[in-house]
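K.L.:
Listed below, chain by chain, are the residues.
2 protein chains.
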Amino acid sequence: MTEVAAVTPSEPSESSDRHRERMARKKAIQDERIAQATQEKGLIIVHTGAGKGKTTAALGLIFRALGHGLRVGVVQFTKGARTSGEAAFARELPGRVDFFAMGEGFTWETQDRDRDRAAAERAWSKACELMADPSYHLLVFDEINIVLRDETLPVAAVLAALRSKPDQLHVVLTGRSAHPDIVELADLVTEMKLVKHPFRAGIKAQRGIEF
Amino acid sequence: MTEVAAVTPSEPSESSDRHRERMARKKAIQDERIAQATQEKGLIIVHTGAGKGKTTAALGLIFRALGHGLRVGVVQFTKGARTSGEAAFARELPGRVDFFAMGEGFTWETQDRDRDRAAAERAWSKACELMADPSYHLLVFDEINIVLRDETLPVAAVLAALRSKPDQLHVVLTGRSAHPDIVELADLVTEMKLVKHPFRAGIKAQRGIEF
Numbered sequence: 002m003t004e005v006a007a008v009t010p011s012e013p014s015e016s017s018d019r020h021r022e023r024m025a026r027k028k029a030i031q032d033e034r035i036a037q038a039t040q041e042k043g044l045i046i047v048h049t050g051a052g053k054g055k056t057t058a059a060l061g062l063i064f065r066a067l068g069h070g071l072r073v074g075v076v077q078f079t080k081g082a083r084t085s086g087e088a089a090f091a092r093e094l095p096g097r098v099d100f101f102a103m104g105e106g107f108t109w110e111t112q113d114r115d116r117d118r119a120a121a122e123r124a125w126s127k128a129c130e131l132m133a134d135p136s137y138h139l140l141v142f143d144e145i146n147i148v149l150r151d152e153t154l155p156v157a158a159v160l161a162a163l164r165s166k167p168d169q170l171h172v173v174l175t176g177r178s179a180h181p182d183i184v185e186l187a188d189l190v191t192e193m194k195l196v197k198h199p200f201r202a203g204i205k206a207q208r209g210i211e212f
Numbered sequence: 002m003t004e005v006a007a008v009t010p011s012e013p014s015e016s017s018d019r020h021r022e023r024m025a026r027k028k029a030i031q032d033e034r035i036a037q038a039t040q041e042k043g044l045i046i047v048h049t050g051a052g053k054g055k056t057t058a059a060l061g062l063i064f065r066a067l068g069h070g071l072r073v074g075v076v077q078f079t080k081g082a083r084t085s086g087e088a089a090f091a092r093e094l095p096g097r098v099d100f101f102a103m104g105e106g107f108t109w110e111t112q113d114r115d116r117d118r119a120a121a122e123r124a125w126s127k128a129c130e131l132m133a134d135p136s137y138h139l140l141v142f143d144e145i146n147i148v149l150r151d152e153t154l155p156v157a158a159v160l161a162a163l164r165s166k167p168d169q170l171h172v173v174l175t176g177r178s179a180h181p182d183i184v185e186l187a188d189l190v191t192e193m194k195l196v197k198h199p200f201r202a203g204i205k206a207q208r209g210i211e212f
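Protein chains in written order, with this note's numbering: chain A, 2 to 212; chain B, 2 to 212.
Next up, chain A with everything else stripped away, as it sits in the complex (with noise of 0.2 angstroms):
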């Protein structure tokens, strides 16, 4: 569990005795916090924003879920069948992470806004399929917000989809713009904001990390 409580900063220099009365409060919030927090169900998750970590959570997401037994799709709506350290990895894991690399490039790469739609819709349908596959936990279309801020998907389909998927499913949705349609849907949205970026200073992309 992460911290989720709001924190005032510690004061080193306080009594213990203050310090444990403080922490005590806090942890009587934390509690009934969670007390209160009794609802079980699929979440859809948003991660969005300008800065890394949008697909690299999603995969951390994946990480987490293995270790509970969970079976995982991914479908991938930009990254076409280059190897990518994720997709090597979940080869080693056949029956508990499908990886289908569905895309065509980004757009910048095609240049062909057809290729683009046709690509986005066999994406689509593959997402779709896994839905309806009762057997997996947790999916993740990835860069599917981009596609849906080109247009080169229509939002309403998605957002019909996600309202009738199955109530224990979890389904990432990871892309920079999301769509405000889809982050009102979202139970969980977190904005990925660049703070530095190594690009910039001349490095480049790293094998383990960037790809």
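Among the clues, some could well be false.
A pair counts as met if it fits within one copy or between any two copies, since identical chains are not told apart.
[As the list claims (entries may be wrong)] List of simulated lysine to aspartate or glutamate pairs, EDC-like, C-alpha gap at most 20 angstroms:
hint, residue 1, residue 2
1, K42, E185
2, K28, E105
3, K197, D182
4, K197, E185
5, K28, E211
6, K27, D115
7, K127, D115
8, K28, D115
9, K127, E152
10, K27, E152
11, K27, D151
12, K166, D99
13, K28, E15
14, K27, E105
15, K166, D182
16, K42, E211
Read the hints as simulated data drawn from the structure, not as lab findings.
It should be emphasised that the depicted structure is a prediction, and the values quoted were computed from it without experimental measurement.
Given chain A, work out where chain B should sit, using these hints.
P.N.:
Same frame as chain A, now just chain B:
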């Protein structure tokens, strides 16, 4: 690789030719940026902010690194030996991911500053041991930002160790309220910003998602 160039949303109404030209210009900018980034080095990466996904994105980097055959070490500064999905999955990968849960829980759990300090020192000495072992390619110091913020661990020691780390080693530091000197030293800093959290809506922490 994720999308780095600033994005002008596509206009669905634009002609194919205009789209093709615009994307070709964008690709040229992108290619130029990649060409200029030539330096190979181990990165210092910081995941901070109040949102979800800081630890999770670090787990995602591990997922990706494993696909490239890299060896990974994780030191958890606040989390104890409690069962988590990530620790369970790491146990399936002996010699590839080594997990050290060195914490005693959050400071509002222990309510004892001396015990917090002793735990942080033990975790930090494990971290130093791993940095000195050339067989590791990627190290994650999970929630280290928290113990630095609380001054449970002195920042000067961490800065000195990071400055003299092996050149090709990647180090990821997670936790909210990253210290400004750590941010200054880092190559890549992402702030995870909370947009929407299900805890607040009475939904409990979900197995495989939150832990």
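K.L.:
Mind listing which of the numbered hints don't hold for this structure, in increasing order?
P.N.:
none
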